[in-house]
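There are 2 protein chains.
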Amino acid sequence: MSLLAIGSVAFDDVETPFGRRERALGGSATYFALGASRFHPVRIVAVVGEDFGPDQMRAFEGRPIDLQGLARVPGRSFHWKGAYGYDLNEARTLATELNVFATFHPDLPETYRQSPFLFLGNIDPVLQLDVVGQMAQRPRWIALDTMNYWIQSARPALERVLREVDILLVNDAEIRQLTEEHSLLKAYRRVQAMGPRILVVKRGEYGVALFTPEGVFGAPAYPLEEVFDPTGAGDTFAGGFLGYLAWMDRVDTTALKHATLVGSVMASFTVERFSTERLEQITQDDVRNRLSLFSDMIRVEDL
Amino acid sequence: MSLLAIGSVAFDDVETPFGRRERALGGSATYFALGASRFHPVRIVAVVGEDFGPDQMRAFEGRPIDLQGLARVPGRSFHWKGAYGYDLNEARTLATELNVFATFHPDLPETYRQSPFLFLGNIDPVLQLDVVGQMAQRPRWIALDTMNYWIQSARPALERVLREVDILLVNDAEIRQLTEEHSLLKAYRRVQAMGPRILVVKRGEYGVALFTPEGVFGAPAYPLEEVFDPTGAGDTFAGGFLGYLAWMDRVDTTALKHATLVGSVMASFTVERFSTERLEQITQDDVRNRLSLFSDMIRVEDL
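These protein sequence lines map, in sequence, to chains V and X.
Just so we're aligned, residue 1 is where the first sequence starts under our numbering, counting upward by one.
Just so we're aligned, residue 1 is where the second sequence starts under our numbering, counting upward by one.
Isolated chain V (complex conformation) (with noise of 0.2 Å):
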């Protein structure tokens, strides 16, 4: 049993009204690795450049993380600009310098291929394509996160890819740009059509809408006191989600809705601190804490 997840591996300078951190460790395939990687052993598939050290490392060491996919390569890693309100809810993006990811064309190492769970991280569609003709069978399970940008100007590869997923998770803006319907019910069906069959809508503080064929879910966002940098929310409740899911090896409506408890639990600590800072700190004790006091936060008795 595997988990493999392709994204950025990146570099994020990042202002919020609380505070800012230059080039502190980032990327999509970062936040989603450290929150799975608590449930189930991950593999990633990312691309680095010269100036991504021991320092950057230390992040995913002594993780089942497994960092054979994550190449490194001449030139400067991919860098992220971006700024908050205190409207937490939407980043202005101020710089993306893609560097060596511009260039990146995933290779997947052969022992990656078996995997039964893939994550399709935020990139271009036609990479997300590459990486599912890549695999050996067919996954289990294919997941995929996408964002306004390639639902403008790749609509038709990521149409292709979407075809092959199972799980799409996106946030309120997407799911509407993509469907291009209001109603999320609507848009669920118009989903369904497009190839997956559960729809995941992250929708930051107000928690994430759950979309099967069996009906819907909606989960309140975990409370905190503070929220520093939204920066890789999405991500680590990404990781949460399927690392979840890839643990209990099991995809009925149960385990989706523990699964969307868990990964929004994994969230809430990514956003307490700057960057990878709190999600790198915690221990398990902390995640069964916060998701038992979750779990009983949400409990109602039978009306």
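Hints listed in this document are in silico derivations from the structure and should not be mistaken for laboratory results.
The model shown is predicted, which means the values in this text are computed figures rather than measured ones.
Incorrect hints may appear among the rest.
Same chains, same label: a pair holds when it works inside one copy or across any pair of copies.
Mimicking SDA-like on lysine to any residue, the simulated pairs with C-alpha atoms at most 25 Å apart in a straight line are [what the hints assert, rightly or not]:
#	residue 1	residue 2
1	Lys186	Pro223
2	Lys81	Gly19
3	Lys186	Tyr84
4	Lys186	Asn89
5	Lys186	Gly204
6	Lys186	Leu98
7	Lys186	Pro156
8	Lys186	Asp296
9	Lys186	Arg20
10	Lys186	Glu272
11	Lys186	Ala157
12	Lys81	Asp130
13	Lys186	Asp130
14	Lys186	Thr111
15	Lys186	Ile282
16	Lys186	Leu291
17	Lys186	Thr96
Could you slot chain X onto chain V? The hints should help.
Frame of chain V; chain X shown alone:
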């Protein structure tokens, strides 16, 4: 046992991307009474003008809604005109004609002064306080709704009436404006210091967050295919919420969680059509069925 509500009974002109209505029945007390009277008898205190006729009164007929406190005076009824864009979360007010509401001084009928549950709808906090003062004894539970206009222009009076209040029901923007805190957990502590020990944050399509001294609860909105007109959703929620609590005659955490689901379900009917069109038509079975679906939807087995 009774549930007393003060608020507006009005004519609304509403335009949404899906259509428009002119001089449709509206007002906070109207929606509240229609939502609450499914569960418990309601008494309303409000004022209408000579233009409010049998066509409008029909909405209240055949329901346990006591209209003894609905004053009819010379002049025209309160008239609100608003529009919504595709983001149905926020109304744009085009006109507010207070008319008979401008000189409204609530005078509680003698029988009303014993009501154990009191809802102070979104009106001038000076009038809200006046109503509290007219009660023969302090109601067991006082709930209050307010809005940005009063928070900004009548804060001292609002703070005075809040000292008497048990349950505050507001939206995201209002709670942040009132407490000057972005974090809802911090905002809740500020609210507790102001008086109310229970806070209900209405978040439109994102559901409801409930804060009690025992913890936080979040429920999604009931998922709908179509939202035609969000006008009245908050007051219908308050009606379902307090009507259910009055019916249960119990305000503990379980009852409050259930009341949140009931309020959400009642509000879901309101927004499916314009004005009170759907809310007037539904049967007790419609309410029961939707409550049962909603309850199943959010149920999670223990992790």
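Do the hints match the structure? See the list:
Taking the shortest alpha-carbon separations for Lys186 and Pro223, only the inter-copy value of 10 Å comes in at or below 25 Å, while the best intra-copy value is 29 Å. Proximity of Lys81 and Gly19 under a CA criterion of 25 Å is satisfied intra-copy only: 14 Å inside one chain copy versus 43 Å between copies. In this assembly of identical chains, the alpha carbons of Lys186 and Tyr84 lie at most 25 Å apart only when taken from different copies (20 Å versus 31 Å within one copy). In the homo-oligomer, the alpha carbons of Lys186 and Asn89 lie at most 25 Å apart both inside one protomer (24 Å) and across protomers (18 Å), since each shortest distance falls under that limit.
For a Cα distance limit of 25 Å, the shortest separation of Lys186 from Gly204 qualifies both inside one copy, at 21 Å, and across copies, at 18 Å. In this assembly of identical chains, the alpha carbons of Lys186 and Leu98 never lie at most 25 Å apart, being 35 Å within a copy and 39 Å across copies at closest. Taking CA atoms no more than 25 Å apart as the test, Lys186 paired with Pro156 passes inside one copy only; the shortest distance there is 21 Å, against 46 Å between copies. For a Cα distance limit of 25 Å, the shortest separation of Lys186 from Asp296 across copies, 21 Å, qualifies, whereas the shortest one inside one copy, 31 Å, does not.
Taking the closest pair of Cα atoms, Lys186 and Arg20 come within 25 Å of each other only across two copies (23 Å); inside a single copy the shortest separation is 40 Å, beyond that limit. In the homo-oligomer, the alpha carbons of Lys186 and Glu272 lie at most 25 Å apart only across protomers (15 Å), although the nearest pairing inside one protomer, at 34 Å, exceeds that limit. For a Cα distance limit of 25 Å, the shortest separation of Lys186 from Ala157 inside one copy, 23 Å, qualifies, whereas the shortest one across copies, 45 Å, does not. Taking CA atoms no more than 25 Å apart as the test, Lys81 paired with Asp130 passes in neither setting, with 28 Å inside one copy and 54 Å between copies.
For the identical chains of this complex, Lys186 and Asp130 are neighbours neither inside a copy (30 Å) nor across copies (47 Å), given an alpha-carbon limit of 25 Å. For a Cα distance limit of 25 Å, the shortest separation of Lys186 from Thr111 qualifies neither inside one copy, at 40 Å, nor across copies, at 49 Å. Only between protomers do Lys186 and Ile282 lie at most 25 Å apart by alpha-carbon distance; the minimum there is 23 Å, versus 39 Å within a single protomer. For the identical chains of this complex, Lys186 and Leu291 are inter-copy neighbours only, at 21 Å across copies versus 31 Å inside a copy, given an alpha-carbon limit of 25 Å.
Proximity of Lys186 to Thr96 under the C-alpha cut-off of 25 Å is found in neither arrangement, the shortest distances being 33 Å within a copy and 35 Å between copies.
Checked against the numbered hints above, the structure breaks hints 6, 12, 13, 14, 17 and satisfies the rest.
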